[in-house]
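Asks: Chains as they are written, first to last, in the working numbering: chain X, 1 to 400; chain F, 1 to 400; chain V, 1 to 148; chain L, 1 to 148.
Take these hints with a grain of salt, some might be off.
The list that follows gives simulated cross-link-like pairs (lysine to aspartate or glutamate, DMTMM-like), each with its CA atoms no further than 20 Å apart [stated by the list, open to error]:
1) F/252 x X/129
2) L/120 x X/64
3) F/317 x F/142
4) F/136 x X/256
5) X/252 x L/14
6) F/394 x L/14
Derived from the structure by calculation, the hints contain no laboratory data.
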Amino acid sequence: MLREHFPGLNQRVHGKPLVYFDNAATAQRPQAVIDAINDYYINHNANVHRGVHFLSESATDLYENARLSLAKLLNAPSPKNLIFVRGCTEAINLVAQTFVRSKIKAGDEILISHLEHHSNIVPWQILREQTGAVLKVIPMNEQGELNLESIDELITEKTAFMSVVHVSNALGTINPVKTLIAKAKEAGIPVMLDGAQAVPHLKVDVQDLDCDFYTVSGHKMYGPTGSGILYGKAEHLEEMPPYQGGGEMISKVTFDHTVYNAVPAKFEAGTPNIAGGIGLGAAAEFMMTIGMDKIAQRDSELRVYTELALKQVPGLKLIGTAAEKSPVFSFVIEGIHAHDVGTIIDHYGVAIRTGHHCTMPIFQYYGLAGSCRASLAFYNTEQEVDVLVDSLIKARKMFE
Amino acid sequence: MLREHFPGLNQRVHGKPLVYFDNAATAQRPQAVIDAINDYYINHNANVHRGVHFLSESATDLYENARLSLAKLLNAPSPKNLIFVRGCTEAINLVAQTFVRSKIKAGDEILISHLEHHSNIVPWQILREQTGAVLKVIPMNEQGELNLESIDELITEKTAFMSVVHVSNALGTINPVKTLIAKAKEAGIPVMLDGAQAVPHLKVDVQDLDCDFYTVSGHKMYGPTGSGILYGKAEHLEEMPPYQGGGEMISKVTFDHTVYNAVPAKFEAGTPNIAGGIGLGAAAEFMMTIGMDKIAQRDSELRVYTELALKQVPGLKLIGTAAEKSPVFSFVIEGIHAHDVGTIIDHYGVAIRTGHHCTMPIFQYYGLAGSCRASLAFYNTEQEVDVLVDSLIKARKMFE
Amino acid sequence: MTELSKLYKQTILEHNRHPRNYGKPQECTHQAEGLNAICGDQVNVYLTIENDIIAAINYDGESCAISMASASMMTEFIKGRSVPDALQKFDLFCKLMNKNGDVDHIESLEKINTLVTVKKFPSRIKSATLCWHAMAAAIQGVPNATTE
Amino acid sequence: MTELSKLYKQTILEHNRHPRNYGKPQECTHQAEGLNAICGDQVNVYLTIENDIIAAINYDGESCAISMASASMMTEFIKGRSVPDALQKFDLFCKLMNKNGDVDHIESLEKINTLVTVKKFPSRIKSATLCWHAMAAAIQGVPNATTE
Ligand SMILES: Cc1ncc(COP(=O)(O)O)c(C=O)c1O
Ligand SMILES: Cc1ncc(COP(=O)(O)O)c(C=O)c1O
Chain X
1 MLREHFPGLN QRVHGKPLVY FDNAATAQRP QAVIDAINDY YINHNANVHR GVHFLSESAT
61 DLYENARLSL AKLLNAPSPK NLIFVRGCTE AINLVAQTFV RSKIKAGDEI LISHLEHHSN
121 IVPWQILREQ TGAVLKVIPM NEQGELNLES IDELITEKTA FMSVVHVSNA LGTINPVKTL
181 IAKAKEAGIP VMLDGAQAVP HLKVDVQDLD CDFYTVSGHK MYGPTGSGIL YGKAEHLEEM
241 PPYQGGGEMI SKVTFDHTVY NAVPAKFEAG TPNIAGGIGL GAAAEFMMTI GMDKIAQRDS
301 ELRVYTELAL KQVPGLKLIG TAAEKSPVFS FVIEGIHAHD VGTIIDHYGV AIRTGHHCTM
361 PIFQYYGLAG SCRASLAFYN TEQEVDVLVD SLIKARKMFE
Chain F
1 MLREHFPGLN QRVHGKPLVY FDNAATAQRP QAVIDAINDY YINHNANVHR GVHFLSESAT
61 DLYENARLSL AKLLNAPSPK NLIFVRGCTE AINLVAQTFV RSKIKAGDEI LISHLEHHSN
121 IVPWQILREQ TGAVLKVIPM NEQGELNLES IDELITEKTA FMSVVHVSNA LGTINPVKTL
181 IAKAKEAGIP VMLDGAQAVP HLKVDVQDLD CDFYTVSGHK MYGPTGSGIL YGKAEHLEEM
241 PPYQGGGEMI SKVTFDHTVY NAVPAKFEAG TPNIAGGIGL GAAAEFMMTI GMDKIAQRDS
301 ELRVYTELAL KQVPGLKLIG TAAEKSPVFS FVIEGIHAHD VGTIIDHYGV AIRTGHHCTM
361 PIFQYYGLAG SCRASLAFYN TEQEVDVLVD SLIKARKMFE
Chain V
1 MTELSKLYKQ TILEHNRHPR NYGKPQECTH QAEGLNAICG DQVNVYLTIE NDIIAAINYD
61 GESCAISMAS ASMMTEFIKG RSVPDALQKF DLFCKLMNKN GDVDHIESLE KINTLVTVKK
121 FPSRIKSATL CWHAMAAAIQ GVPNATTE
Chain L
1 MTELSKLYKQ TILEHNRHPR NYGKPQECTH QAEGLNAICG DQVNVYLTIE NDIIAAINYD
61 GESCAISMAS ASMMTEFIKG RSVPDALQKF DLFCKLMNKN GDVDHIESLE KINTLVTVKK
121 FPSRIKSATL CWHAMAAAIQ GVPNATTE
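With the hints as extra help, turn the sequences into a complete structure.
Replies: Listed below in structure tokens is the structure:
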């Protein structure tokens, strides 16, 4: 059973077996990831890239092999297309402040969607403040799908960049990113996809997608906290100015003048999260060993089961009913605030998230302050879904 | 024995017991730090700050308690003065791009020193490019000490910020930071200290120092990679614009307008390196348990011993002979390139660093391409110093 | 019955079903919005202060049951008190609800003491204290309050 | 004797004591600087190319013994060859020194093959290959080369 690989799943909360349905916030980590981190700290503990001694060498090998594993997982042309970052948020900020900021002028437009996580909104608002750029938003419909018809109008001569979420963390919607990218490419607009919620569930092939940038959150794909990947096309990474300045990212420094290092080092200033990178590589290998097909298959079994099961809860309303969805369920229960639901079912061992899930605009659209969100991973079970449903029914009874 | 706490020390390299003298690059981690990381991943694995469920609660407690431990270690007035960052490099970039960038105009001057690590040079060069600011440098002397007389001339009406390394990673020089800060304060100039190499060795009291910002590198103070701290005075943190945009750092988002969260959340966009922060807290507790006095005491024993021992190596010249030094020894050996030294003594199990140590300007001063650097920590021993000396003598023989 | 259900059943749901002083008044002299972005709790508190006496206090907003019940209880408790008294009660309530404190009863807070059970669910303490912060902010002329 | 000391004693130190073609020539037609910032290795390669033949090749710089010996060996080996031949030898040398490759001898590289021992010390491979990269860069009219 895959569950056995995840030590965090095997515990009790308030005396009840843990039902971990908060995977969209952060996933559990397989033992292989934890082992990789420990192995680095115990057997290869050294800084990378700069040493001639044995440990430094082997730490560098582990770190660069991790980059290679990630390149395989994403089918990137080369590991040099991948920059290690803290997470998706940093990846998006990096692109906003380097690639986009260096090109954009007042009045130019950035196109995002109504389904974005705050991490794909606020960096553009900061850029707007800095440059006078304009932020435009692809609208959504009641199902939580993007309104594709509007795109032809939204793309103008002034559109300088498009950044869209691949899979919505709040609603689970899988966006038709290939169509979006095709539209953008027609108009010559570079596209970034926020893949935080996609990589844990879907086979992502950056070459097939033909996106310009793709962002990955390590802690959501069963990897360590503080890890992540920015994929970028080589020509962009070459030409973009650096983000942070410091060690590693330079090749020659005088007080007058500094020559930057080659990509990807140019974007990895300072000592990186070495253990995080190595653990992320282990997560990628773990996922490839299971197989993304198998993960996707299990996801859809769980999705179908859960959709049906939740119908048993009186007064429950699903928010986000897109045709293409990952196993993420946002819902509200009539007469009970999401927070009270969360607190009550926590006492039955069920961990869900409640609130706006860092997507306030989505809930403004629905006129809601937030929702309950159960987000599943391939290691969850139908039995756990039953526990969720039971606990929701009990919460509901309490409020009758 | 303190060594027993460090599993990484107990291994062989090329068949010889490891002599780890590359602590200035990155330290070894005590088991307590590794345990804290594992404990989080296994028993408290959840995202922080945003959840109502039990695991999220306990993860948040661990994370915020870690901030408290760091506040104690640095004697910060409140944990709210501390921002978790990836490392010292990010801390410096953050201050450059927020506090300083928001105040500075063309012609204003930033004062650094000749002893800086690239991480405290390049961010200012980037800022210079962005704003037209001027970079001025406190000169050094042959001993590797800063020339304090020059400061009265270097500080002008245009000096907007001073950023100086507390302890030099390349030479070990402990800078007279209190004097520097007093000079700057007289002129009303805010000061940041780069504490990457100070915190592992010295009792640092940010209130006593009265600096405006202080940067800490987690992986150098026996903590996890990808962790670090930026200390800032409350009034600065309040007033500074945010750095990265995203989740956590906002309190309200619409597409038109965003309200930022309170300090320190305002500066911690996205999911942080949770395991890293928790591990760093464990490192701080570990250091406080040993006692910074005891660490400093052991450091100076080792320093005195090593200084004498290295005199036995024919042709060895110490680079950096400041009166106040941490146990860091930069040296060159006549007729052997540093790299060859490093490779040869690695085969005797001795891990040192060779090259410019991310401080090219220092080596430009000495007219050298780089040096060998043996950097010790409190867990190193006199016997290990003897192994170093032996191996250097052997390397020297080979080149005769 | 768990402490949680006890709290909900005996106090919180009662106030949710029969909220006291709910709704925005036509007029008021002071008001503030309390916002816990992380929870999505939002409470407005409206005060009419006359001669340093809180003549009227109302609330509305969109929040969880704990937050709404706490606001209902607070308005009932605060109405008619002097401004300094209200602020002192605010301080006492903060002491009572301090996660790391060991105070679990403060006589002068009367029925408000029942909320102490919320301390067992630390992530919800902010829900209980939000309206109090908003009240204090309103008195001090600050338009926004948060417990974060 | 370890492989390391063998390499140093038999080849590297010999070339360090008696470097071939060392020093910047008065004139040259092509030149490039090779820089490995991480190691601090710096090598300049100077070529005089006449009718597609490398009539002269010299080097100088500040580098470790491996790097200097490799440059000395390279100049000795490349001098007099045609440009395409030199570039082909560069490719072969890269193959030979590929960390992950399994090639450990390439007949046409002759004495250069002794450097294969450096592969046992992966962090030093770049020291051995830097001068070759600089040579290829010089031929191609690129002023800077790095192995990073
Ligand atoms: C869709 C989406 N984008 C971006 C992020 C931010 O990612 P990270 O936590 O890695 O910074 C998240 C997660 O919170 C997310 O769900
Ligand atoms: C003096 C000094 N400053 C800054 C840094 C950069 O720190 P970090 O590796 O945490 O980014 C280092 C370490 O490399 C250092 O020694």
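Asks: Find the hints from earlier in the document that the structure breaks and name them by number, from lowest to highest.
Replies: Number 5 - this is the single hint that the structure violates.
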